[in-house]
Amino acid sequence: MEREELKTQLKKQIVEFLNLMQVKPEDIKDDEPLFGEGLGLDSIDSIELIVLLNREYGIDIKDPKEGRKVLIDINTMVDYIEAHRTK
Amino acid sequence: MFYFHHITCISPQKTFADIDIENIKPPVENKLLVAEPVYDGIPLGILRRMGKAVRIGVGAALKIAKQNPNGVVIGTANGGMEDCIKFLNQIIEYDEGILTPTNFVQSTTNAVAAQIGLMSVNKGYNCTHVHRGLAFENAMTDVDMLLKENSSHSYLLGGVDEISAYNYNIELLGGWYKKEKIAGVDLYDQNSAGSIAGEGAAMFWASNNEQNAIAKLQAVRMFHSEDENLIADELKKFIEENYLEEESVLFFSGENGDSRLQKYYSASEEIINKDFTVARFKHVTGEYPSVSAMAVWLACYILKEQILPDHFLKYSSSKKDFSKILIYNNYKGIQHSFILISRK
Chain A
1 MEREELKTQL
11 KKQIVEFLNL
21 MQVKPEDIKD
31 DEPLFGEGLG
41 LDSIDSIELI
51 VLLNREYGID
61 IKDPKEGRKV
71 LIDINTMVDY
81 IEAHRTK
Chain B
88 MFYFHHITCI
98 SPQKTFADID
108 IENIKPPVEN
118 KLLVAEPVYD
128 GIPLGILRRM
138 GKAVRIGVGA
148 ALKIAKQNPN
158 GVVIGTANGG
168 MEDCIKFLNQ
178 IIEYDEGILT
188 PTNFVQSTTN
198 AVAAQIGLMS
208 VNKGYNCTHV
218 HRGLAFENAM
228 TDVDMLLKEN
238 SSHSYLLGGV
248 DEISAYNYNI
258 ELLGGWYKKE
268 KIAGVDLYDQ
278 NSAGSIAGEG
288 AAMFWASNNE
298 QNAIAKLQAV
308 RMFHSEDENL
318 IADELKKFIE
328 ENYLEEESVL
338 FFSGENGDSR
348 LQKYYSASEE
358 IINKDFTVAR
368 FKHVTGEYPS
378 VSAMAVWLAC
388 YILKEQILPD
398 HFLKYSSSKK
408 DFSKILIYNN
418 YKGIQHSFIL
428 ISRK
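Residue numbers (the numbering used here), protein chains in the order written: chain A, 1 to 87; chain B, 88 to 431.
Chain A with its partners taken away, still in its complex shape:
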């Protein structure tokens, strides 16, 4: 899968998994922070995103420190998916 195609798919999955009402996948910028000022996600969402990576891409993040480096924005998530996906 091409990187841009993966980004589009991931944005759709984030909107669906987190039930982000009033957010369209195409509105999420690649370098927009997922937490805090950007998309405004919180700690429960971080667990939902770890579940998303596990279910959709076969990635198992067990170390919370590793999660912090991955769940920064769409770019960092896609980098990690490309490097570690098992499905």
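No wet-lab data here; the hints were simulated from the structure.
Heads up, a few of these hints could be off.
Claimed, not checked - List time: in silico SDA-like cross-link candidates among lysine to any residue, alpha-carbon distance up to 25 Å: (1) A:12 - B:180; (2) A:87 - B:180; (3) B:210 - A:43; (4) A:24 - B:190; (5) A:87 - B:181; (6) A:87 - B:179; (7) A:7 - B:135; (8) A:12 - B:185; (9) A:65 - B:127; (10) A:24 - B:210; (11) A:12 - B:174; (12) A:69 - B:188; (13) B:150 - A:43; (14) A:62 - B:131; (15) A:62 - B:180; (16) A:62 - B:175; (17) A:24 - B:131; (18) A:24 - B:175; (19) A:24 - B:184; (20) A:65 - A:51; (21) A:65 - B:185; (22) A:29 - B:185; (23) A:24 - B:101; (24) B:153 - B:252; (25) B:210 - A:42; (26) A:24 - B:127; (27) A:65 - B:92; (28) A:87 - B:188; (29) A:65 - B:184; (30) A:62 - B:187.
Claimed, not checked - Estimated spans, in silico, between C-beta atoms of each pair: (31) A:1 - B:128: 37 to 45 Å; (32) A:27 - B:188: 55 to 63 Å; (33) A:21 - B:419: 34 to 42 Å; (34) B:155 - A:86: 50 to 58 Å; (35) B:310 - A:64: 48 to 56 Å.
Each residue gets a CB set at the ideal place from its N, CA and C atoms; glycine is no exception.
Given chain A's structure and the hints, the job is docking chain B onto it.
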């Protein structure tokens, strides 16, 4: 008992804003689904995680929670059943592996009361009653006991249940919903088993303060029985104990079109004074375990506004100016309740 002050209701009908109980919405595929309002008071980040039962419960409660009640008491048979089933299905689908927390958090029956407490920063008494078709009646009894112990307190009291795919399908298979299409008041004319599904949330601010009250809860009685003669005996005693023989009373019947349950409603109508007006509400609410909460909301509204649209009426007496409403509800032919509401 106690007084009702603020009352709110999110239901299939126009009961939350621009209230209109005259023009009613008919069921769609035998379901009366709630007309959800715009939830101004719930932040989007929290709203997106809520299942329907939690959403309508919190949405209806927040206006009342602003009155700073001393506690929150909710009656619900199922709570967030839809989320509960999603969570259980995930356990199977993902082989007890990594699971999402949101569905789990929302799936407990006390999620509604908990969210109301959290969102209104109410650290007082917080309790959920789950006695199926008598859940709301038990919540009312709890509030009554609390107010007897703490006469100056006030409580947020409510009843909420949702139609979930799971409970609808199970109840349909159990014969509790009709197979033929129902358009509205024809619900009562089918002579077949089952009713129509409903859902809703009704909330009340309850206290011992008579001043500015909308209505008064005068008495509640609940019991389990399959014997229609016992229902008639209990109703006779209830009427005598509350001196209703000579009163102008509206008998608000939970008749739901299920031919198997008609014997209970017929037996109760045999007992009541012929001067009572008889009205029905299940074509407006649908059938669900905590529907008596919406019946109480309707009773408060009818007493306050002194309007009773014709579609509710079964038999009308010559007396139009009723001051009391006696609700008889029956869940699945075994759980029965009498609730007496009066103008304060």
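Okay, the hints, checked on the actual structure:
Distance hint between residue 12 (chain A) and residue 180 (chain B) is fulfilled; the C-alpha atoms sit about 21 Å from each other, no more than 25 Å. The hinted pair formed by residue 87 (chain A) and residue 180 (chain B) meets the criterion: a straight-line CA distance of about 17 Å does not exceed 25 Å. For the given pair, residue 210 (chain B) sits about 23 Å from residue 43 (chain A) by alpha-carbon distance, which is consistent with the 25 Å threshold. The suggested pairing of residue 24 (chain A) with residue 190 (chain B) holds, with an alpha-carbon distance near 22 Å, which does not exceed 25 Å.
Simply put, residue 87 (chain A) and residue 181 (chain B) have alpha-carbon atoms about 15 Å apart, close enough for the 25 Å limit, and the pair holds. With a CA separation close to 20 Å, the supplied pair residue 87 (chain A) and residue 179 (chain B) stays within the 25 Å bound. Pair hint residue 7 (chain A) plus residue 135 (chain B) holds up; C-alpha atoms about 23 Å apart against a cutoff of 25 Å. At most 25 Å may separate the alpha-carbon atoms for a hinted pair to count; residue 12 (chain A) and residue 185 (chain B) meet this at roughly 21 Å.
A C-alpha spacing of about 37 Å is found between residue 65 (chain A) and residue 127 (chain B), which places the hinted pair above 25 Å, so the restraint is violated. At most 25 Å may separate the alpha-carbon atoms for a hinted pair to count; residue 24 (chain A) and residue 210 (chain B) exceed this at roughly 37 Å. Annotation: proposed proximity of residue 12 (chain A) to residue 174 (chain B) holds, straight-line Cα distance about 22 Å (limit 25 Å). The hinted pair formed by residue 69 (chain A) and residue 188 (chain B) meets the criterion: a straight-line CA distance of about 21 Å does not exceed 25 Å.
Under the criterion of a C-alpha separation no larger than 25 Å, the hint pairing residue 150 (chain B) with residue 43 (chain A) is inconsistent with the structure, at around 28 Å. As the CA atoms of residue 62 (chain A) and residue 131 (chain B) are separated by approximately 29 Å, the hinted pair breaks the 25 Å bound. The hinted pair formed by residue 62 (chain A) and residue 180 (chain B) meets the criterion: a straight-line CA distance of about 21 Å does not exceed 25 Å. Between residue 62 (chain A) and residue 175 (chain B) the alpha-carbon distance is near 23 Å, which keeps this suggested pair within the 25 Å criterion.
A C-alpha spacing of about 15 Å is found between residue 24 (chain A) and residue 131 (chain B), which places the hinted pair at or below 25 Å, so the restraint holds. Restraint check for residue 24 (chain A) and residue 175 (chain B): the C-alpha separation of about 29 Å exceeds 25 Å, so the hint is violated. Between residue 24 (chain A) and residue 184 (chain B), the direct Cα distance comes to roughly 30 Å. Violation of the 25 Å bound is thereby established for this hinted pair. Taken as a hint, the residue 65 (chain A) and residue 51 (chain A) pair is honoured in the structure, with Cα atoms around 16 Å apart against an allowance of 25 Å.
At roughly 18 Å between alpha-carbon atoms, residue 65 (chain A) and residue 185 (chain B) fall within 25 Å of each other, so this suggested pair holds. Pair hint residue 29 (chain A) plus residue 185 (chain B) does not hold up; C-alpha atoms about 28 Å apart against a cutoff of 25 Å. For the suggested pair residue 24 (chain A) and residue 101 (chain B), the alpha carbons sit about 31 Å apart, so the restraint of at most 25 Å is broken. Taken as a hint, the residue 153 (chain B) and residue 252 (chain B) pair is broken in the structure, with Cα atoms around 33 Å apart against an allowance of 25 Å.
For the suggested pair residue 210 (chain B) and residue 42 (chain A), the alpha carbons sit about 24 Å apart, so the restraint of at most 25 Å is met. For the hint pairing residue 24 (chain A) with residue 127 (chain B), the CA-to-CA distance comes to about 21 Å; that is within 25 Å, so the pair holds. About 52 Å separates the Cα atoms of residue 65 (chain A) and residue 92 (chain B), which puts this hinted pair outside 25 Å; it is violated. The suggested pairing of residue 87 (chain A) with residue 188 (chain B) holds, with an alpha-carbon distance near 23 Å, which does not exceed 25 Å.
Distance check on the hinted pair: residue 65 (chain A) and residue 184 (chain B) sit about 21 Å apart at the alpha-carbon level, within 25 Å; holds. Distance hint between residue 62 (chain A) and residue 187 (chain B) is fulfilled; the C-alpha atoms sit about 15 Å from each other, no more than 25 Å. Checked against the given bound of 37 to 45 Å, the beta carbons of residue 1 (chain A) and residue 128 (chain B), roughly 42 Å apart, stay inside it. About 25 Å separates the C-beta atoms of residue 27 (chain A) and residue 188 (chain B), a value inconsistent with the hinted range of 55 to 63 Å.
In this structure the supplied range 34 to 42 Å holds for residue 21 (chain A) paired with residue 419 (chain B), their Cβ-Cβ distance being about 36 Å. One distance hint, 50 to 58 Å for the beta-carbon pair residue 155 (chain B) and residue 86 (chain A), holds here, with the actual separation near 53 Å. Take residue 310 (chain B) and residue 64 (chain A): their Cβ atoms lie about 54 Å apart, and the range 48 to 56 Å holds.
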